[in-house]
Amino acid sequence: MVDMRTVLAGTTLPNPVMTASGCAANGTELNRFFPVAELGAFVTKTVMRDPRSGRPTPRMAETPSGMLNSIGLQGPGIDAFCEHDLPWLEQQGARVVVSVAGNTAEEFGEVVQRLVGSPAWGCVVGVEANISCPNVANRGLVFACDPVSSERVVRIVRARVPAEVPVLAKLTPDVTDIVTIAGAALGAGADALTMVNTLLGIVIDTDLLRPRLAGVTGGLSGPAIRPVAVRAIWQVTAAMRSGTLPTAPVVGVGGVRTGTDALELVAAGASAVQVGTATFNDPSAPRRVLTELEAEAARHGVERFADLVGIAHERMVRP
Amino acid sequence: MVDMRTVLAGTTLPNPVMTASGCAANGTELNRFFPVAELGAFVTKTVMRDPRSGRPTPRMAETPSGMLNSIGLQGPGIDAFCEHDLPWLEQQGARVVVSVAGNTAEEFGEVVQRLVGSPAWGCVVGVEANISCPNVANRGLVFACDPVSSERVVRIVRARVPAEVPVLAKLTPDVTDIVTIAGAALGAGADALTMVNTLLGIVIDTDLLRPRLAGVTGGLSGPAIRPVAVRAIWQVTAAMRSGTLPTAPVVGVGGVRTGTDALELVAAGASAVQVGTATFNDPSAPRRVLTELEAEAARHGVERFADLVGIAHERMVRP
Amino acid sequence: MNAGVLQVGGELIASRRAGAYHHLTLVAPGVAELAAPGQFVALAVGGATSATLLRRCFSIHRVTPSGTYGGTVDVVVAARGAGTRWLTSLRVHDPVDVVGPLGRPFPLPTEPVPCVLVGGGYGSAPLFWLAEVLRERGCPVEMVLGAASEDRLFGVLQARRSADGVTVTTDDGSAGHRGWVSDVLGDVVDRLGAGVVYACGPMGMLRSVTEVASAHGAVAQVAVEESMACGIGVCMTCVLPVRGGDGVTRMVRSCVGGPVFRGDRVRWDAIGDGVTRVPEDALGAPHPGGH
Amino acid sequence: MNAGVLQVGGELIASRRAGAYHHLTLVAPGVAELAAPGQFVALAVGGATSATLLRRCFSIHRVTPSGTYGGTVDVVVAARGAGTRWLTSLRVHDPVDVVGPLGRPFPLPTEPVPCVLVGGGYGSAPLFWLAEVLRERGCPVEMVLGAASEDRLFGVLQARRSADGVTVTTDDGSAGHRGWVSDVLGDVVDRLGAGVVYACGPMGMLRSVTEVASAHGAVAQVAVEESMACGIGVCMTCVLPVRGGDGVTRMVRSCVGGPVFRGDRVRWDAIGDGVTRVPEDALGAPHPGGH
Ligand SMILES: Cc1cc2nc3c(=O)[nH]c(=O)nc-3n(C[C@H](O)[C@H](O)[C@H](O)COP(=O)(O)OP(=O)(O)OC[C@H]3O[C@@H](n4cnc5c(N)ncnc54)[C@H](O)[C@@H]3O)c2cc1C
Ligand SMILES: Cc1cc2nc3c(=O)[nH]c(=O)nc-3n(C[C@H](O)[C@H](O)[C@H](O)COP(=O)(O)OP(=O)(O)OC[C@H]3O[C@@H](n4cnc5c(N)ncnc54)[C@H](O)[C@@H]3O)c2cc1C
Ligand SMILES: Cc1cc2nc3c(=O)[nH]c(=O)nc-3n(C[C@H](O)[C@H](O)[C@H](O)COP(=O)(O)O)c2cc1C
Ligand SMILES: Cc1cc2nc3c(=O)[nH]c(=O)nc-3n(C[C@H](O)[C@H](O)[C@H](O)COP(=O)(O)O)c2cc1C
Ligand code: FES
Ligand code: FES
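Top to bottom, those sequences are chains A, B, C and D. Count the first sequence with the numbering used here and you get residues 46 to 364, in order. Count the second sequence with the numbering used here and you get residues 46 to 364, in order. Count the third sequence with the numbering used here and you get residues 2 to 292, in order. Count the fourth sequence with the numbering used here and you get residues 2 to 292, in order.
Here chain A stands alone, though its shape is the one from the complex (with noise of 0.2 Å):
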């Protein structure tokens, strides 16, 4: 048996397998499946301060290998989440990670206040902060695609969140350097980085010729963005193995399938790994990628799983 436990910046969770945000909605749903307290821990649908309609439909279209989505961080706003979804995730025993977001930085800060007062927040084991969403409508800007804007939110996450519980800084893979943005997340506070949402995408309906989402743009999602996801956590791993950036836990996100595409995040340098869009192909994705990370980890003939994280590295051939 391999020891499958991993630690995220002091927490140790008893395997490194989670859901990703917005594809696992809060977990009722999921839990007719498998169990979510299986997990090593439940990452919950971004919320936000105010309930949310989301975006008009078509929300989303299929692409080759993969999606594209427009959902607009629908969802019922922090109090409600504290009031139902919360006590439920902690009543199955789930470790959860709570992914928030604002249309402010400020706002960012009244989600986590809000919160961090919540009677269930002893089942929170991190709080994920989406600052990477390219759906929101604020003036086509995304915080994640500029250091100074990652920094303030991070900051102000960072701040309001209890010392022991680690801020997770979740980025976008559509920028120049994503190793300058994962500099300043790790700068203003944040103990983790979850990489990578989802990039931006358009598909033109070609009967009627015009976008098939409503709101024109989506995020692309799926096995077809995997070597893109693999990427950006090979580059900011590789920056922290050289003393370039602070080291820090990645969790890995894009593309995930099977736990041999798990074990591409891992050796890649991600310290736990997020199924996303597998899910809605595989309702049991996320448990029996655990179930097949296990066996590979088994194969690869290693005691802890930990000692597969960032492996490439070392086994890379050099020229």
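Worth double-checking, as some hints may not be accurate.
[What the hints assert, rightly or not] Every beta carbon over 12 Å from chain A, so not counted as near; a handful from chain D, in silico: (1) ALA52; (2) ARG161; (3) MET204.
[Said to hold, decoys possible] Restraint-style ranges between C-beta atoms, simulated for each label pair: (4) A:GLU128 x C:GLU151: 47 to 57 Å; (5) A:ALA340 x D:GLY10: 56 to 66 Å; (6) C:ASP274 x B:ASP222: 45 to 55 Å; (7) B:GLY232 x A:VAL193: 41 to 51 Å; (8) B:PRO80 x D:VAL276: 30 to 40 Å; (9) B:MET46 x C:PRO66: 23 to 33 Å; (10) B:ASP252 x A:THR336: 47 to 57 Å; (11) C:ASP95 x B:ASP252: 43 to 53 Å; (12) A:THR336 x D:HIS178: 34 to 44 Å; (13) A:GLY167 x B:GLY232: 53 to 63 Å; (14) C:LEU158 x A:LEU186: 58 to 68 Å; (15) D:SER67 x C:ASP95: 48 to 58 Å; (16) B:HIS345 x C:SER150: 15 to 25 Å.
Rather than coming from a laboratory, the hints here were simulated on the basis of the structure. All C-beta atoms in this analysis are idealised placements derived from N, C-alpha and C, irrespective of residue type, glycine included.
Starting from the known structure of chain A, arrange chains B, C and D with the ligands on it as the hints suggest.
Just chains B, C and D with the ligands, lined up with the frame of chain A:
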């Protein structure tokens, strides 16, 4: 019969379908499957000043609905190109877009100078400056990631190419804001923009636990990236339509496998379309895409192909 | 774990043409036993090397809880895009991964009131089973089946067995009355004194059915068809604006909150031209100057 | 247009196990007529909804230029990844898109010199046809077949028909001599006085075969197996360093410049550990401070 002609900054092409640089070599191989002269234009493999061996192998990895490549611009150098490749293409009656690159901005200029002096120059209908190749180990820098370097290269190339032949600048999608880079290229005199080159990616070999490509990173291409290409074309076209950017033709490339795929890029704003990775799946893909695109144009009842260019911007549903 | 829904490795055991459609029978042990009329299944498509990741949803046409093969589920599929073409080109004994039953079934009346069941195109698929269940409860049942043309009608013969009366309409007049189901529905409701109209079909039809039913004093229960990425309630792609019991309009997931809704609760005013807008009075709707 | 290569919509007409492999027969009209031993075909995999875009390449095992079905092509497939698993799970009458014949065939000696044909694993697949062609030209032919274990040998019985002598080796001794083909090859070359050694199999084996052949005065002609994205010469993924007649090493496309190369021209010194490096003296090699 739909009038399939398209105009590329003064040059009229009989139809809008081209090969993509590096996915069709220099014509002899594909000519066994269809006459390359039937395409709107034939885009050659990027040529540099000196012969280049390219990178070690493995140079490729299959990915979901795409592939990663790291060829490293292997090629015979501009002199051999002018002596053998270009005359052969001229003999076939092909209209040729020559893709050029250099290790420095000045080297781009040298390549173009020798190209323009070639006896077969007459068949050249465009020079595509590949300012976006992520494979060249140029201290990790890609020209098209930076507006200033993009501007410099394009200015040098434009200065050396006779005025009647359009210069195309080929952009990478791996930037935070492609509109800025497009603006820099157009400001420096580019007559058209080719979008997009590959996305930077990594695949890990989960048996060997090391990067699958000997060169570690590679360029992601194929249908997987089509939504990103469509988005880039859309954004730049929208900026042109709103007056933020000067108007210029866009040549679309990225994930085109069928006529409807091509139509997606056209409706988003592309005046011509290049077919790359799909050629590896189907050696007749560029020719087939032309037939299929013609059928699509007929189905939509337009008289001229040109009527479809950017049409999705007009048909967009406004909320 | 069984919470009313299963994921099972199924097998195709019969595939036959039915007019413009394909009628598929899948072995899906356990699913049949849990299902009720109006629910649907989500099928994985494309096999092991598939580029089509998302499941395709189909109303359950009928179920056979046990039998030679174990429980089976029947669906009626119109071949349109990549996934439905793949499904309809499968051969007997090919594997098909099934998730189901999903969604809320048609609510059944507590009293034996007369009911009219309206199906547009393949939308009739779930209605025959519903008709049988209603008649078992003593409800008189008539059906109205409509389609663009005769080959797009599904189950007219079956309807004559399952219902006490059947009216057929086609847009082109190739079978039954020329016109739409809504043209004839009012008369049927009146003649029968129907209390409930159940409907399944395209959105435009569901809207007219709702209007006609209301005008003739019946409640409409409509099964909507929104684009779904997951079918199980986790992605939020399948929403439409529905007014709740509290009068508040919310963007409700049709895969778990539906697919069956009371027609008069659906905000038809926001739906049209292939787009569903967020009504300005919906909970959490964007307001000018930002959320 | 026919320039020695075709793209045809083929059909699988037979699929059978052969030890660890699958032996497939494809109808591919026209391809058989153009092919010569050592050439290969590139097959599309995964069908219409496939996420696996790249073709898979296979040596042509044998061809039947005409017959009941029109020309057929046989290939021997080891199921490894997604594409080969898809191919080996096809059923008779399934369509398969074929591009071929591709690459340069084994060059045939102009004189009837004795030849040794060496196959590693499924690498023996193209050799039986080659043996027949060589014998038609009067060349005495012996074969050496090696594999990790008995089930990974292909065509031992067939070899006894096609060749004048057959030597078998397995790494584990489960059939024939325990050891590698290179252990026995020298003796066979000497005994036969062979002028040419033809070989197909893993890179490590081809390297040893080249060394043994040279040491025993024979020319090695080896069919290499490099990862190929296109198979037709347009992508430059399949290169390996080969010394030309002019003494200059170039990174040569194995799909059009090969797959058959003279063994002593291949720069084995650059190949190993799953990576092929660019020799420093290769044309256009990166130089320090350059590129
Ligand atoms: C509750 C429900 C019941 C349905 N019942 C039936 C039925 O009984 N018979 C039948 O033929 N069809 C039915 N449909 C529609 C069917 O799901 C779509 O026709 C099918 O998903 C289209 O897949 P495709 O591969 O042909 O098209 P594609 O265009 O390739 O589909 C691309 C993606 O869009 C989604 N999608 C596209 N159109 C629809 C749609 N109309 N509804 C939902 N998702 C869509 C697909 O699921 C897929 O994820 C039902 C849909 C829903 C939501
Ligand atoms: C000239 C030539 C002749 C061959 N003849 C045979 C044969 O007779 N029988 C046989 O079983 N195999 C043969 N191979 C190897 C065969 O092509 C690969 O095993 C197969 O492509 C792997 O596909 P996959 O789907 O199993 O693996 P995947 O790992 O899914 O393949 C991914 C990609 O890598 C490429 N690839 C992976 N391994 C190889 C390889 N070894 N060679 C070339 N491309 C590769 C595939 O084409 C595909 O594009 C030959 C290869 C070449 C180049
Ligand atoms: C339908 C959908 C909704 C999503 N919603 C969110 C969200 O609310 N917050 C967030 O941080 N990421 C969201 N994401 C992004 C995912 O969490 C994940 O980063 C991305 O999809 C890449 O992973 P995948 O390829 O495994 O899906 C969403 C993705 C999808 C497909
Ligand atoms: C094997 C390979 C080699 C390529 N070489 C070049 C090149 O030399 N110059 C260039 O500008 N683009 C090159 N490209 C990028 C393509 O021209 C194209 O921009 C990209 O692949 C996206 O299009 P596609 O999805 O149709 O392949 C190459 C792509 C591939 C797959
Ligand atoms: S389809 Fe995913 S929530 Fe309804
Ligand atoms: S496989 Fe593409 S050039 Fe050889």
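**Item:** Violated constraints from the hint list, given by number and in increasing order
**Value:** 1, 5, 6, 7, 9, 10, 11 and 15
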